[in-house]
Every structure is written in structure tokens, then in C-alpha cells.
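**Student:** Residue numbers for the sequence shown follow our numbering, so the first one is 68 and each next one is one higher.
The hints are simulated quantities; they were obtained by calculation from the structure and are not laboratory data. Bear in mind the structure is a predicted one, so any value in this text is a computation, not a measurement. Any given hint could be a false lead.
Stated by the list, open to error - Taking lysine to aspartate or glutamate and the DMTMM-like style, the derived pairs with C-alpha atoms no more than 25 Å apart in a straight line are:
| id | residue 1 | residue 2 |
| --- | --- | --- |
| 1 | K134 | D81 |
| 2 | K207 | E70 |
| 3 | K210 | E70 |
| 4 | K134 | D119 |
| 5 | K193 | E70 |
| 6 | K293 | E276 |
Stated by the list, open to error - Cβ pair distances, simulated, as ranges:
| id | residue 1 | residue 2 | range |
| --- | --- | --- | --- |
| 7 | R216 | G237 | 23 to 29 Å |
| 8 | Y199 | L100 | 24 to 30 Å |
| 9 | H180 | D292 | 50 to 56 Å |
| 10 | Q192 | E172 | 26 to 32 Å |
Cβ atoms here follow ideal geometry from the backbone N, Cα and C, with glycine treated the same way.
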Amino acid sequence: MREIVLDTETTGLDPRTGHRLIELGCVELEDFLPTGRTFHRYIHPDRPIDADAERVHGISLAFLADKPRFHEAAVVDAFLDFVGDAVLVAHNAGFDRGFLNAELERAERGILHEERWVDTLALAQKRFPGMYNSLDALCKRYKISLAEREKHGALIDAQLLAAVYLELRGGKERGLDLVLGKDRAAAAVTVAAVAYGPRPRPLAPRSTEAERAAHAAFIARALKDKAIWQGLPVEA
Numbered sequence: 068m069r070e071i072v073l074d075t076e077t078t079g080l081d082p083r084t085g086h087r088l089i090e091l092g093c094v095e096l097e098d099f100l101p102t103g104r105t106f107h108r109y110i111h112p113d114r115p116i117d118a119d120a121e122r123v124h125g126i127s128l129a130f131l132a133d134k135p136r137f138h139e140a141a142v143v144d145a146f147l148d149f150v151g152d153a154v155l156v157a158h159n160a161g162f163d164r165g166f167l168n169a170e171l172e173r174a175e176r177g178i179l180h181e182e183r184w185v186d187t188l189a190l191a192q193k194r195f196p197g198m199y200n201s202l203d204a205l206c207k208r209y210k211i212s213l214a215e216r217e218k219h220g221a222l223i224d225a226q227l228l229a230a231v232y233l234e235l236r237g238g239k240e241r242g243l244d245l246v247l248g249k250d251r252a253a254a255a256v257t258v259a260a261v262a263y264g265p266r267p268r269p270l271a272p273r274s275t276e277a278e279r280a281a282h283a284a285f286i287a288r289a290l291k292d293k294a295i296w297q298g299l300p301v302e303a
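Given these sequences and hints, build the entire structure.
**Tutor:** In C-alpha cells form, the structure reads like this:
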């Protein structure tokens with residue numbers, strides 16, 4: 068289950084009045100967890116940046132002087148290749164979708180239709196009705212550190228939103244069941260395989276051969292035939 072959490076920074080509030088993207092940040096998730104793959108670009112907007120917007124993100128037109136335009140392959144093609152056919156996750160998704168689709172239309176590319184998007188603001192409003200549900204408020208509610216963030220930035224905000232999205236979908240304990248019997252555990256593995264398919268990029272082992280041998284010896288000595296994963300249709 069591949070999803071892309073994204074955030075944008077812009078010259079102002081409304082693409083219909085000519086405002087443009089100036090920063091785009093994306094974080095790749097698989098099964099709600101970051102894979103470590105990200106996409107990040109600063110973009111020259113070919114127009115001034117509103118003072119109010121610059122106070123929020125701190126990005127000046129002078130800083131963007133040598134940055135590519137959205138229609139250049141280094142931005143639009145690289146972005147579309149990174150996104151692929153994944154579900155897109157954003158906070159107040161209509162805002163980001165409006166700016167991205169305006170840029171895609173200028174670049175003569177297909178738009179990102181609404182049905183592809185998950186709006187975390189709508190998820191938060193459903194879970195916390197009547198409460199303040201900005202990204203900052205949700206980070207504080209879920210005790211997600213904002214220490215590395217001095218101003219709004221597309222990539223850091225996408226990384227924060229990825230952590231918030233995990234919590235909104237059930238938290239770090241999502242799907243964890245310590246009392247699974249062997250039959251239920253095997254069924255869970257089978258269902259997961261059908262629902263999500265094989266991992267597109269297998270994770271490299273982080274243990275050494277000697278560590279795996281020591282672990283196997285410990286299991287054989289301490290648990291014998293009581294290790295629950297011995298009944299699963301996967302290698303331990």
C-alpha cells in the first residue's frame with residue numbers, strides 16, 4: 068500500500084489569481100510507514116511572493132533566483148515519476164491539489180484527480196470534532212516534536228504530516244496483536260499478502276549471519292516449539 072504524503076509552499080493563497088508553487092516536498096509511505104524515500108524541489112514562480120506568505124515560510128524570490136521552473140523536467144517529470152499511481156495525502160488537500168493541478172495544466176500534463184487524495188484535515192475533524200486541527204495542533208496533540216522546524220517548509224511539514232497520518236490511522240500499534248494464535252496469525256499474514264501484495268523493494272537484512280545463528284540457537288533452547296512464528300507461512 069504505497070502512499071505519498073506531500074506539502075507545498077506558495078507565493079500566496081489562490082492559484083486562480085495567479086499565485087504559484089515555490090516549494091514541493093513529498094514523503095513515501097508503505098503500509099503507513101516512511102520508507103526513507105523523499106522528493107523535494109524549490110521552484111522559481113516567475114512572479115513576486117506575497118509578504119504575508121514569505122513571513123510564514125521564509126522563502127524569498129532572491130533565494131529562488133537559480134531554481135528551476137515547474138515545467139522543467141527536473142521538477143514536473145521527476146515529481147510525476149516519484150508519485151506514480153500512489154494515493155496522495157495532504158493536510159487541507161484541496162489547497163495543495165489546486166496549486167499542483169494549476170501547475171500541471173500550465174505544463175500541459177494531466178491533473179491529479181480528487182479521488183486520489185486523502186485529506187488529513189478531514190480525518191482529524193472527524194476524530195476531533197470542534198477542536199483546532201492544524202498540523203501544529205495535531206503534532207502537539209500526538210506529542211510529535213516540532214524542534215527541527217523554525218518556519219513552514221514543504222519537506223519538513225510532509226515529514227511531520229506523515230507522523231500525524233500514522234496516528235490518525237491508528238498509531239504505531241496499528242495491527243499489533245500479542246495474543247494471536249498460530250491459526251489467526253497465519254490468516255493475518257495471508258490477508259495482508261492479498262491486500263498489499265509483495266513489498267516492491269525488499270528490505271535489506273540488518274542482522275549479521277552470526278547474529279541470526281545466535282538468535283536461532285536461543286529460540287531452539289528457550290522456546291523450543293512454542294515460538295508463534297514457527298506456525299506462520301513465512302521464514303522466521
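**Student:** Evaluate each hint against the coordinates.
**Tutor:** Consistency of the hints with the structure:
no.: 1; hint: K134 / D81; verdict: 22 Å, holds
no.: 2; hint: K207 / E70; verdict: 24 Å, holds
no.: 3; hint: K210 / E70; verdict: 23 Å, holds
no.: 4; hint: K134 / D119; verdict: 22 Å, holds
no.: 5; hint: K193 / E70; verdict: 21 Å, holds
no.: 6; hint: K293 / E276; verdict: 23 Å, holds
no.: 7; hint: R216 / G237: 23 to 29 Å; verdict: 25 Å, holds
no.: 8; hint: Y199 / L100: 24 to 30 Å; verdict: 27 Å, holds
no.: 9; hint: H180 / D292: 50 to 56 Å; verdict: 52 Å, holds
no.: 10; hint: Q192 / E172: 26 to 32 Å; verdict: 29 Å, holds
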